[in-house]
Amino acid sequence: MNRARAPILKLGETLVVSVQEALMDADLVGLRDELVAEVKMYRATCVIIDVTVLDVLDSFAARTLRHIAQMTQLLGARTVIVGIQPDVAFAMVQLGLTLQGTETALDLEDALSRLNLKLGRDRRAQ
Amino acid sequence: MADHESLLPESSIPGDEVRRRKEFLEFTDNDVSVLEGVNEVAIRYADSMIDDFYRHLMSFDETRAFFADPELLKHVKGMQKNYFMRLTQGNYDQVYVAERIKIGQIHERVGLPVKSYFGMYCFYLRAVLGRLQEEYKATPEQAFKVFNSLMKLTFFDMGLAIDTYIESRERTIQGQQEAIRELSTPVLLLRPGLLLLPIIGLIDTLRARQLTEQLLRSVRTNRARVVVIDVTGVPSVDTKVANHLVQTVEAARLMGAVSIVSGIAPDIAQTMVRLGIDLRRIRTVGDLQSGIEEAERQLGYMVVKNEAAESEDGK
Numbered sequence: 105m106n107r108a109r110a111p112i113l114k115l116g117e118t119l120v121v122s123v124q125e126a127l128m129d130a131d132l133v134g135l136r137d138e139l140v141a142e143v144k145m146y147r148a149t150c151v152i153i154d155v156t157v158l159d160v161l162d163s164f165a166a167r168t169l170r171h172i173a174q175m176t177q178l179l180g181a182r183t184v185i186v187g188i189q190p191d192v193a194f195a196m197v198q199l200g201l202t203l204q205g206t207e208t209a210l211d212l213e214d215a216l217s218r219l220n221l222k223l224g225r226d227r228r229a230q
Numbered sequence: 002m003a004d005h006e007s008l009l010p011e012s013s014i015p016g017d018e019v020r021r022r023k024e025f026l027e028f029t030d031n032d033v034s035v036l037e038g039v040n041e042v043a044i045r046y047a048d049s050m051i052d053d054f055y056r057h058l059m060s061f062d063e064t065r066a067f068f069a070d071p072e073l074l075k076h077v078k079g080m081q082k083n084y085f086m087r088l089t090q091g092n093y094d095q096v097y098v099a100e101r102i103k104i105g106q107i108h109e110r111v112g113l114p115v116k117s118y119f120g121m122y123c124f125y126l127r128a129v130l131g132r133l134q135e136e137y138k139a140t141p142e143q144a145f146k147v148f149n150s151l152m153k154l155t156f157f158d159m160g161l162a163i164d165t166y167i168e169s170r171e172r173t174i175q176g177q178q179e180a181i182r183e184l185s186t187p188v189l190l191l192r193p194g195l196l197l198l199p200i201i202g203l204i205d206t207l208r209a210r211q212l213t214e215q216l217l218r219s220v221r222t223n224r225a226r227v228v229v230i231d232v233t234g235v236p237s238v239d240t241k242v243a244n245h246l247v248q249t250v251e252a253a254r255l256m257g258a259v260s261i262v263s264g265i266a267p268d269i270a271q272t273m274v275r276l277g278i279d280l281r282r283i284r285t286v287g288d289l290q291s292g293i294e295e296a297e298r299q300l301g302y303m304v305v306k307n308e309a310a311e312s313e314d315g316k
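Chains A and B are the protein sequences, given in the same order.
All letters in the first sequence, in the order written, are residues 105 to 230 by this note's numbering.
All letters in the second sequence, in the order written, are residues 2 to 316 by this note's numbering.
Careful, some of the hints might be misleading.
To be verified - Pair ranges (Cβ atoms, derived):
{"id": "1", "chain 1": "B", "residue 1": "Arg-110", "chain 2": "A", "residue 2": "Phe-164", "range": "39 to 45 Å"}
{"id": "2", "chain 1": "B", "residue 1": "Asp-70", "chain 2": "A", "residue 2": "Asp-191", "range": "55 to 61 Å"}
{"id": "3", "chain 1": "A", "residue 1": "Asp-191", "chain 2": "B", "residue 2": "Asn-244", "range": "38 to 44 Å"}
{"id": "4", "chain 1": "B", "residue 1": "Gln-175", "chain 2": "A", "residue 2": "Leu-113", "range": "52 to 58 Å"}
{"id": "5", "chain 1": "A", "residue 1": "Gln-198", "chain 2": "B", "residue 2": "Asp-288", "range": "29 to 35 Å"}
{"id": "6", "chain 1": "A", "residue 1": "Asp-129", "chain 2": "B", "residue 2": "Gly-16", "range": "42 to 48 Å"}
{"id": "7", "chain 1": "A", "residue 1": "Phe-164", "chain 2": "B", "residue 2": "Asp-288", "range": "23 to 29 Å"}
{"id": "8", "chain 1": "A", "residue 1": "Gln-204", "chain 2": "B", "residue 2": "Gln-175", "range": "40 to 46 Å"}
{"id": "9", "chain 1": "A", "residue 1": "Gln-198", "chain 2": "B", "residue 2": "Gly-176", "range": "26 to 32 Å"}
Please keep in mind that the hints were generated in silico from the structure rather than gathered at the bench.
C-beta atoms are modelled at their ideal positions from N, C-alpha and C, and glycine is treated no differently.
Required output: the full structure, derived from the provided sequences and hints.
Quick look at the structure:
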């Protein structure tokens, strides 16, 4: 069920989660477990979670996203949350949900350009 | 004139208010019948009244300017005559009130000063008084009675007309306040990916909300990476204002934009520390210049001075 609601796409060393519709708490937990397993399996270095379609992000969702970021960090992958809409962002800060310590980007394109920048530099350094 | 009327804003006052106004003026049914009783006298004197009235108006520069066009003068004379007769025709109801308001609006629209409005009413009453004395030579108490009723009615009319002046001013002020609110929260695109949000004036909860919403929208439409929030124009910062600022910064961050706060004045910095406001989660710099430089550095921009162009300008 989770596959349809939030498929995980593999793009080289990057995993892209494209959230398709509102997620139940159980879906979020499923996504978290699946994602952590795939990061390990594919030796991913980046995870991008696109939440553009969500018009609400509650405390459970915010906490789960933060946990995903922390867990993937332990496995050596950085997580970027992208596509939080203006209204959602405003509502979140009102509720004190600021995703502290989690990377964010405007949208998928923005996140990829940031990651590429980093990757490019890393390659040059090697 | 007809065109004017269609452009006027709809406004009326409720029947309840009309009743209260009449009560306050002690304008009773008795006054109505007294005025209706002199209708025939009014018709007889109408033309000479109006002539005197406009002779007075035309003998002052300030009021003459409004009747430069002879066609217009003829028209308003006709209107004035209608009004004069209307005063003694009874039925001082909602329709009458609406008419008075409309007349007031027209005068306000053409810019007739309130002092002239009052002055004209004063002349009106004096001119009528003269004629009443003449008409009721034998029964002066009757003249007094009619004048008394007429005075109440004209004061009622004056109140309605002047209200339209005040209402119009209030509408203007309201419009300006809205304009100021809009103007005071511009979000400026300085370079691709770099937004400038200069905050001027006090930040209250409503304004902080508008500010944040506008910033978030701009972040999305301009695909901004860095936002410089300049608070040089903010006169004071308390815990509440600081909280608003933190919320704005964090909301922008959720959309992937980094904020730099610039322009905190020395005395405001002192107050903030004394109040225990913690802005460590926000990147702050001293002035707008440093803010923009820092933002440009983060975005990878490098500003290079063109020495050649400068020496050319110097010539």
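Each hint, compared with the structure:
1. B/Arg-110 x A/Phe-164: 39 to 45 Å: violated (60 Å)
2. B/Asp-70 x A/Asp-191: 55 to 61 Å: Since B/Asp-70 and A/Asp-191 have Cβ atoms about 56 Å apart, the given range 55 to 61 Å holds.
3. A/Asp-191 x B/Asn-244: 38 to 44 Å: Once the Cβ atoms are compared, 20 Å apart, the range 38 to 44 Å for B/Asn-244 and A/Asp-191 is violated.
4. B/Gln-175 x A/Leu-113: 52 to 58 Å: holds (53 Å)
5. A/Gln-198 x B/Asp-288: 29 to 35 Å: holds (31 Å)
6. A/Asp-129 x B/Gly-16: 42 to 48 Å: violated (59 Å)
7. A/Phe-164 x B/Asp-288: 23 to 29 Å: violated (42 Å)
8. A/Gln-204 x B/Gln-175: 40 to 46 Å: holds (42 Å)
9. A/Gln-198 x B/Gly-176: 26 to 32 Å: holds (30 Å)
The earlier numbered hints that this structure contradicts are 1, 3, 6 and 7.
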